[in-house]
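Please build the complex by placing chain B with the ligands on the supplied structure of chain A, with the hints as guidance.
Line by line, the protein sequences are chains A and B.
Note that my numbering has the first sequence beginning at 184, numbered continuously upward.
Note that my numbering has the second sequence beginning at 184, numbered continuously upward.
Keep in mind that a hint or two might mislead.
Intra- or inter-copy, both count: the list cannot distinguish identical chains.
[As the list claims (entries may be wrong)] Mimicking SDA-like on lysine to any residue, the simulated pairs with C-alpha atoms at most 20 Å apart in a straight line are:
#1 LYS448 / TYR431
#2 LYS495 / LEU428
#3 LYS341 / GLN365
#4 LYS414 / GLY324
#5 LYS499 / SER453
#6 LYS509 / LEU444
#7 LYS414 / HIS468
#8 LYS535 / GLU199
Treat the hints as calculated values from the structure; they're not laboratory data.
Everything numeric in this text was worked out from a predicted model, so none of it was measured.
Protein chains: 2
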Amino acid sequence: FDETQLHSQALIVDGENLQKQIDELATFSDTPVPSVTRVLYTENDVIARRYIKMLMGLAGLSVREDAVGNIFGRWEGYEPNLAPVASGSHIDAIPYSGKYDGVVGVLGAIESINTLRRSGFKPRRSLDIIMFTSEEPTRFGISCLGSRLMAGSEILLKALETTVDNQNISFVDAARSAGYAQEKNDLTSVFLKKGSYAAFVELHIEQGPILEDEGISIGIVTAIAAPASIKVDFEGGGGHAGAVLMPYRNDAGLAAAQLALAVEKHVLESGSIDTVGTVGILDLHPGAINSIPSKSHLEIDTRDIDEERRNKVIKKVHDSAESIAKARGVRLAEFNIINQDPPAISDDSIVKAMISASEELNLSHKLMISRAYHDSLFMARVSPMGMIFIPCFKGYSHKPEEHASVQDISNGVRVLALTLAKLSQK
Amino acid sequence: FDETQLHSQALIVDGENLQKQIDELATFSDTPVPSVTRVLYTENDVIARRYIKMLMGLAGLSVREDAVGNIFGRWEGYEPNLAPVASGSHIDAIPYSGKYDGVVGVLGAIESINTLRRSGFKPRRSLDIIMFTSEEPTRFGISCLGSRLMAGSEILLKALETTVDNQNISFVDAARSAGYAQEKNDLTSVFLKKGSYAAFVELHIEQGPILEDEGISIGIVTAIAAPASIKVDFEGGGGHAGAVLMPYRNDAGLAAAQLALAVEKHVLESGSIDTVGTVGILDLHPGAINSIPSKSHLEIDTRDIDEERRNKVIKKVHDSAESIAKARGVRLAEFNIINQDPPAISDDSIVKAMISASEELNLSHKLMISRAYHDSLFMARVSPMGMIFIPCFKGYSHKPEEHASVQDISNGVRVLALTLAKLSQK
Ligand SMILES: [Mn+2]
Ligand SMILES: [Mn+2]
Ligand SMILES: [Mn+2]
Ligand SMILES: [Mn+2]
Numbered sequence: 184f185d186e187t188q189l190h191s192q193a194l195i196v197d198g199e200n201l202q203k204q205i206d207e208l209a210t211f212s213d214t215p216v217p218s219v220t221r222v223l224y225t226e227n228d229v230i231a232r233r234y235i236k237m238l239m240g241l242a243g244l245s246v247r248e249d250a251v252g253n254i255f256g257r258w259e260g261y262e263p264n265l266a267p268v269a270s271g272s273h274i275d276a277i278p279y280s281g282k283y284d285g286v287v288g289v290l291g292a293i294e295s296i297n298t299l300r301r302s303g304f305k306p307r308r309s310l311d312i313i314m315f316t317s318e319e320p321t322r323f324g325i326s327c328l329g330s331r332l333m334a335g336s337e338i339l340l341k342a343l344e345t346t347v348d349n350q351n352i353s354f355v356d357a358a359r360s361a362g363y364a365q366e367k368n369d370l371t372s373v374f375l376k377k378g379s380y381a382a383f384v385e386l387h388i389e390q391g392p393i394l395e396d397e398g399i400s401i402g403i404v405t406a407i408a409a410p411a412s413i414k415v416d417f418e419g420g421g422g423h424a425g426a427v428l429m430p431y432r433n434d435a436g437l438a439a440a441q442l443a444l445a446v447e448k449h450v451l452e453s454g455s456i457d458t459v460g461t462v463g464i465l466d467l468h469p470g471a472i473n474s475i476p477s478k479s480h481l482e483i484d485t486r487d488i489d490e491e492r493r494n495k496v497i498k499k500v501h502d503s504a505e506s507i508a509k510a511r512g513v514r515l516a517e518f519n520i521i522n523q524d525p526p527a528i529s530d531d532s533i534v535k536a537m538i539s540a541s542e543e544l545n546l547s548h549k550l551m552i553s554r555a556y557h558d559s560l561f562m563a564r565v566s567p568m569g570m571i572f573i574p575c576f577k578g579y580s581h582k583p584e585e586h587a588s589v590q591d592i593s594n595g596v597r598v599l600a601l602t603l604a605k606l607s608q609k
Numbered sequence: 184f185d186e187t188q189l190h191s192q193a194l195i196v197d198g199e200n201l202q203k204q205i206d207e208l209a210t211f212s213d214t215p216v217p218s219v220t221r222v223l224y225t226e227n228d229v230i231a232r233r234y235i236k237m238l239m240g241l242a243g244l245s246v247r248e249d250a251v252g253n254i255f256g257r258w259e260g261y262e263p264n265l266a267p268v269a270s271g272s273h274i275d276a277i278p279y280s281g282k283y284d285g286v287v288g289v290l291g292a293i294e295s296i297n298t299l300r301r302s303g304f305k306p307r308r309s310l311d312i313i314m315f316t317s318e319e320p321t322r323f324g325i326s327c328l329g330s331r332l333m334a335g336s337e338i339l340l341k342a343l344e345t346t347v348d349n350q351n352i353s354f355v356d357a358a359r360s361a362g363y364a365q366e367k368n369d370l371t372s373v374f375l376k377k378g379s380y381a382a383f384v385e386l387h388i389e390q391g392p393i394l395e396d397e398g399i400s401i402g403i404v405t406a407i408a409a410p411a412s413i414k415v416d417f418e419g420g421g422g423h424a425g426a427v428l429m430p431y432r433n434d435a436g437l438a439a440a441q442l443a444l445a446v447e448k449h450v451l452e453s454g455s456i457d458t459v460g461t462v463g464i465l466d467l468h469p470g471a472i473n474s475i476p477s478k479s480h481l482e483i484d485t486r487d488i489d490e491e492r493r494n495k496v497i498k499k500v501h502d503s504a505e506s507i508a509k510a511r512g513v514r515l516a517e518f519n520i521i522n523q524d525p526p527a528i529s530d531d532s533i534v535k536a537m538i539s540a541s542e543e544l545n546l547s548h549k550l551m552i553s554r555a556y557h558d559s560l561f562m563a564r565v566s567p568m569g570m571i572f573i574p575c576f577k578g579y580s581h582k583p584e585e586h587a588s589v590q591d592i593s594n595g596v597r598v599l600a601l602t603l604a605k606l607s608q609k
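So here's chain A without its partners, still in its complex pose (with noise of 0.2 Å):
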């Protein structure tokens, strides 16, 4: 038995204990299960990091954070001057989600490093397990904060200097809360140096249907695709709902439901299955049933596999709300364009690792793209990148009824065990 190679009979997955695990995950919540609420920095986001430092700890991984947050658990190679290979994923769900978005990606991340030790291998490059900071933008409107940190997004570092979340607390007060950002100019220190990482796998969900509906175990990712979000701001004249006369209006709540219908007709017009938009947040200001709004405030997301058909539906949106505001006499006070990231393309040698490993491991797969973007897509700015999905319940994810079974997570932490051995002997 040379422990340097594996055999992928060797490789069991304690699912059961996976399965605990992701259940007193997501007990960590500000909602009641079914749904899961844990947002950046908060007390239970706080307690869910110590839960995973603890099972990092368990498998034996020796545990650091950056100034953000990004928390790592390494298992030192034989030949640790090497570029360590990463896998990991989040463990922040927004409002009334699910327990199995990031945290998949982060516990069977975890559980695969235990598979490996189990069946007696030992790794070549060092295996980094990394827990992104807020994969999601719940708090601070920015999505993969941790990881397009880490990427050195210049933008970013910029940004959280005076960023603040709804309750107007600073992002750098709120990191220090959590113990987090203890000196105020050091998040530069959160930047990998491109080649930092010899390779990176995340393990996720499909939050899409296709691998349920086609039966098959195992999707290899070969493109994420590239969102880009807005926010957008209307202000009108407001008044009072009985007093002021229909053509005397500049209902600012009107034009953001304008706005929201002209989005939904763009990405429809761009004739591409893979072009889509959405609306979710909409508020109205002052709030009152018998008030004019007098301000709107949109946060829109749209995503593509193609940048340019997706930036495309971005000028219209554009267009379209300043035509509105220019017909209903109310103000576009912001039309800001958050991010506008890049797609991401899948290494190809890391794709031959992940197609490899499911093929010694009997199980079916495919290639396909992502339409949910990741913190794999920033990881790609500075790693070579691959993603495994696993299938789950009607494509159903950020919902109460988001569902993996065990038997497609076990087969997902197998894949990514056998790939991140392949890939820590290279």
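Just chain B with the ligands now, kept in the frame of chain A:
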């Protein structure tokens, strides 16, 4: 000098002091000046109530409160067995509104008493100054809560047993925390018998631009438009904003946006300038940028001076809600007409008294319709009713820019004082 008669020259209003009171009352607010936010039974509402009772005391009125916190200050007449004459309004203020709506009719009525006393007048019928509880629907979604209950609404009585605010605090618990509703089943004690008052007159800012535009001092209200309010809930599939492709969506947020625009369309179709409709509240759930809305909630206000025409709008909005739900594959989970009140007509003899008072005071005046509703709408069910309007800046209301000049307010108080004097002698 006959002290039961009154000469218009003797009516001296202390406008400066009245303005001071208006400014002081505005500081009892949950939001900073110039905005006012004063919500039923909150700390600032309780403080403001204390302030009103103090001013009533200083005006020599004997104060009592009923079980929901309607406050009455009485100046006993020399024939105390006759039905009294009353005046009053509200001091609650919707979020981020102004300092004159309602307040002018409470502080102004108290000042009308001071004015009458200073003139040496003695009333035959007793005079009651009333501060009504929660004219605005802010906290419990029920407009004119105090006057509606005084008018004997059995429907409201029943509803209050189960009504909760958006923090799930029951009406009864909230009332108790403010010192009211001490005995659970005593809310029928709020009911007034028909004929309890010989007349009710409310002083109020116009909340429209007509008096200011035409340079007229006094509006004499002949009718109050009929308001209706509707709550609507849509429920859809929700899901991840990246992963769920457009054809598979059932977006409850877009259904809400469509209905908001349909409300505007149906109102405009009425063909009458007097028909208005507003969506002041539109909430999305879960309210995250990367989540397709799975639920939406709208609150719709529609009014007209023609009840039938308004009800036709409601019917069309209902039809639209159903067809939008069908087309989008979302569920119309609720379409609840919260109230659908008939209009109120002012009493002839009160209108005549208001006209005579204006003429004797040499103030320009015109007959007009109230497009906003008021506690007078409900007092009209138990008492002959009339309303006095004064000009306000650009017709603004329900926003911080709401303003009425000291001169216009003082004119309104003089007309009110003289009208109350006339009515109390009848
Ligand atoms: Mn997510
Ligand atoms: Mn995720
Ligand atoms: Mn009002
Ligand atoms: Mn009012």
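Right, here's what the structure says about each hint:
no., hint, verdict
1, LYS448 / TYR431, "between (28 Å within a copy, 15 Å between copies)"
2, LYS495 / LEU428, "between (38 Å within a copy, 18 Å between copies)"
3, LYS341 / GLN365, "within (17 Å within a copy, 56 Å between copies)"
4, LYS414 / GLY324, "within (9 Å within a copy, 30 Å between copies)"
5, LYS499 / SER453, "within (11 Å within a copy, 33 Å between copies)"
6, LYS509 / LEU444, "both (17 Å within a copy, 17 Å between copies)"
7, LYS414 / HIS468, "both (16 Å within a copy, 18 Å between copies)"
8, LYS535 / GLU199, "neither (30 Å within a copy, 84 Å between copies)"
Violation of the numbered hints given earlier is confined to hint 8; every other hint is satisfied by the structure.
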